[in-house]
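Visitor: Based on the hints, put chain A in the right spot on chain Z.
Chains Z and A, in that order, give the protein sequences.
Under my numbering, residues 94 to 419 are what the first sequence spells out, in order.
Under my numbering, residues 94 to 419 are what the second sequence spells out, in order.
Just so you know, not all the hints are guaranteed correct.
If chains are identical, the list can't say which one is meant, so a pair holds when it fits in one copy or spans any two.
What the hints assert, rightly or not - Heads up, simulated DMTMM-like pairs for lysine to aspartate or glutamate below, C-alpha to C-alpha not over 25 Å straight-line: (1) Lys238 - Asp187; (2) Lys238 - Asp113; (3) Lys238 - Asp98; (4) Lys238 - Glu267; (5) Lys238 - Glu188.
Derived by calculation from the structure, the hints in this document are not laboratory data.
Protein chains: 2
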Amino acid sequence: MGEFDLIRRHLTGLGAARADVAVGVGDDAAVVRPPPGHELVLTTDLLLEGVHFLPGMDPEGLGWKVIAVSLSDLAAMGAEPAWATLTLSLPGADEAWLAAFARGVDACARAHGVAVVGGDTVRGPPAAGAQLCGLVPEGAALRRKGARPGDMLCVTGTPGDAAAGLALARGELEGLPEAHARFLRARLERPAPRVGAGIAARGLARAAIDVSDGLLADLGHLLEADGLGARVEVAALPCSAALAAAPPGRRLAWQLGGGDDYELLLAVAPERLAALREAVAAAGVPLAAIGRVEAAPGIRCVDAAGRAVEPPAAGWNHFAEEGDGG
Amino acid sequence: MGEFDLIRRHLTGLGAARADVAVGVGDDAAVVRPPPGHELVLTTDLLLEGVHFLPGMDPEGLGWKVIAVSLSDLAAMGAEPAWATLTLSLPGADEAWLAAFARGVDACARAHGVAVVGGDTVRGPPAAGAQLCGLVPEGAALRRKGARPGDMLCVTGTPGDAAAGLALARGELEGLPEAHARFLRARLERPAPRVGAGIAARGLARAAIDVSDGLLADLGHLLEADGLGARVEVAALPCSAALAAAPPGRRLAWQLGGGDDYELLLAVAPERLAALREAVAAAGVPLAAIGRVEAAPGIRCVDAAGRAVEPPAAGWNHFAEEGDGG
Numbered sequence: 094m095g096e097f098d099l100i101r102r103h104l105t106g107l108g109a110a111r112a113d114v115a116v117g118v119g120d121d122a123a124v125v126r127p128p129p130g131h132e133l134v135l136t137t138d139l140l141l142e143g144v145h146f147l148p149g150m151d152p153e154g155l156g157w158k159v160i161a162v163s164l165s166d167l168a169a170m171g172a173e174p175a176w177a178t179l180t181l182s183l184p185g186a187d188e189a190w191l192a193a194f195a196r197g198v199d200a201c202a203r204a205h206g207v208a209v210v211g212g213d214t215v216r217g218p219p220a221a222g223a224q225l226c227g228l229v230p231e232g233a234a235l236r237r238k239g240a241r242p243g244d245m246l247c248v249t250g251t252p253g254d255a256a257a258g259l260a261l262a263r264g265e266l267e268g269l270p271e272a273h274a275r276f277l278r279a280r281l282e283r284p285a286p287r288v289g290a291g292i293a294a295r296g297l298a299r300a301a302i303d304v305s306d307g308l309l310a311d312l313g314h315l316l317e318a319d320g321l322g323a324r325v326e327v328a329a330l331p332c333s334a335a336l337a338a339a340p341p342g343r344r345l346a347w348q349l350g351g352g353d354d355y356e357l358l359l360a361v362a363p364e365r366l367a368a369l370r371e372a373v374a375a376a377g378v379p380l381a382a383i384g385r386v387e388a389a390p391g392i393r394c395v396d397a398a399g400r401a402v403e404p405p406a407a408g409w410n411h412f413a414e415e416g417d418g419g
Numbered sequence: 094m095g096e097f098d099l100i101r102r103h104l105t106g107l108g109a110a111r112a113d114v115a116v117g118v119g120d121d122a123a124v125v126r127p128p129p130g131h132e133l134v135l136t137t138d139l140l141l142e143g144v145h146f147l148p149g150m151d152p153e154g155l156g157w158k159v160i161a162v163s164l165s166d167l168a169a170m171g172a173e174p175a176w177a178t179l180t181l182s183l184p185g186a187d188e189a190w191l192a193a194f195a196r197g198v199d200a201c202a203r204a205h206g207v208a209v210v211g212g213d214t215v216r217g218p219p220a221a222g223a224q225l226c227g228l229v230p231e232g233a234a235l236r237r238k239g240a241r242p243g244d245m246l247c248v249t250g251t252p253g254d255a256a257a258g259l260a261l262a263r264g265e266l267e268g269l270p271e272a273h274a275r276f277l278r279a280r281l282e283r284p285a286p287r288v289g290a291g292i293a294a295r296g297l298a299r300a301a302i303d304v305s306d307g308l309l310a311d312l313g314h315l316l317e318a319d320g321l322g323a324r325v326e327v328a329a330l331p332c333s334a335a336l337a338a339a340p341p342g343r344r345l346a347w348q349l350g351g352g353d354d355y356e357l358l359l360a361v362a363p364e365r366l367a368a369l370r371e372a373v374a375a376a377g378v379p380l381a382a383i384g385r386v387e388a389a390p391g392i393r394c395v396d397a398a399g400r401a402v403e404p405p406a407a408g409w410n411h412f413a414e415e416g417d418g419g
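Isolated chain Z (complex conformation):
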């Protein structure tokens, strides 16, 4: 079997079966049918070996992650995922690698109702990308823009876990109980995009962004959209049991600056906080209030007594990391 047939065999028919796919993999392009009354939400991401994933990364995890990263962008807009195309660059066609990668793509796409309808595979340095197309009712998309002074800032899940997972993968974090180590590695390698939470936040949150570059960096992007600032209470930052079990030295740096979490950061009017919390909880996702939007630009971190805390230097930064910011 030639390389081309191998690739076609493994990368055809991945993800959910959707009745709105008229033409899937195998033609010059895919044809899909959007439902009436909806807008399309479009995003693209490219993950490179050595930049976004470690050389030798488990291909099944990579397949999961390449879909999850773009799903997180859709989640931040409150969109319901629908269709994906894949981009794959490989030095050669290794059947076991392709089969594992395809399993990861399939699992993540299927779990979120996404049909993989096309793609492009080329010979080159290891890289994988996904282009996701989601749906929102007209005018209902969440935006980065829209926060107002006095809004509460909330975050889903437990940011910082992925950065701790990366430290584990690099051998920089040792002695953790096995279950905690597994949890942190999974948070890095099998991120759970907060799709249900994003949909639940439509009409409740005033602004949203996904936390992929680190909590403070992404909060900065959200505030920048309206020229605002914020106060963040570090004692209110949610912390997983696994992260709490790690030596405390780098914990705050991971929580505030660690990338790759794919949580959602939401700004919500105080009177809607309870409703938002309930809606997000109904989607099975924890939500924590961590601070407030303020009129004065800049982000001020404070401890439980209200004293200023200097945020530790961010631990993670890749080139032009802002997803669809261009």
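Guide: Chain A only, in chain Z's frame:
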């Protein structure tokens, strides 16, 4: 100005201004509004240095080409282009390079009514990709599948020019008059996707594919979709004045096997050939009948006297070249 600001500055606002773009570059994802009664046509392509373009390629040409290649997939489906996202991998942010690349993207997108609504830029080996989203009236998309024995095979433009342009770029073809050399290089570096011809062929052609891997290879893909074969008259192959001026040695290999032409190959019922020719001509695109679909699998090349011609070995083949074939 930081790298990130540089990139944002150059890659924002490219292409046509479209009233159906609700959210463009600068949020987690873009939001666009499809018109009622239409299906979406989705395609993605990734061009790598050393595989799809020569190291040191003029960045403006690369910007044009990355959009043009995906537009050609839309053309083959008869779709009207609408929105694009970009993928860009660069070793560093060189402002002159970025500005030129952006000019090329902008020119090609604008010429075809496409708004560039988002993208992802990463640090890595030189590569550029585009994801295009087009529109077709419900059920009107052209497919690879659909040809029948007896159908005429037609091709737009003059396949083989791009392969001659590549030979020129590699210094393998010398002594051509300057105007011809310029024409062939432009056919390689500034391909004109046959968008108008694809739209014109809706309802007239029975099957379509774009010629990106070589005429015989792509004809093979089209025939394979229905288990058919074809007879190709090599004397009927259209030839540009520039290609006719090149030494004849490799001409037939370029015409039948050269890649990167981005022409359309169409199968049409004989009684509709005149109407198709007229519709495609109205879009400003030349069309030539080059053979017929036959029931027996396999492609038979014949000369003007009907004698079998052995097609020369294809000159171009990259890994898994089939666009959205997976």
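Visitor: For each hint, tell me whether it holds in the structure or not.
Guide: The hints, checked one at a time:
1. Taking the closest pair of Cα atoms, Lys238 and Asp187 never come within 25 Å of each other, the shortest separation being 44 Å inside a single copy and 30 Å across copies.
2. In this assembly of identical chains, Lys238 and Asp113 lie within 25 Å of each other by CA distance solely across copies; the values are 19 Å between and 32 Å within a copy.
3. Taking the closest pair of Cα atoms, Lys238 and Asp98 come within 25 Å of each other only across two copies (19 Å); inside a single copy the shortest separation is 46 Å, beyond that limit.
4. In this assembly of identical chains, Lys238 and Glu267 lie within 25 Å of each other by CA distance neither inside one copy nor across copies; the values are 41 Å within and 57 Å between.
5. In the homo-oligomer, the alpha carbons of Lys238 and Glu188 never lie at most 25 Å apart, since the shortest distance is 45 Å inside one protomer and 28 Å across protomers.
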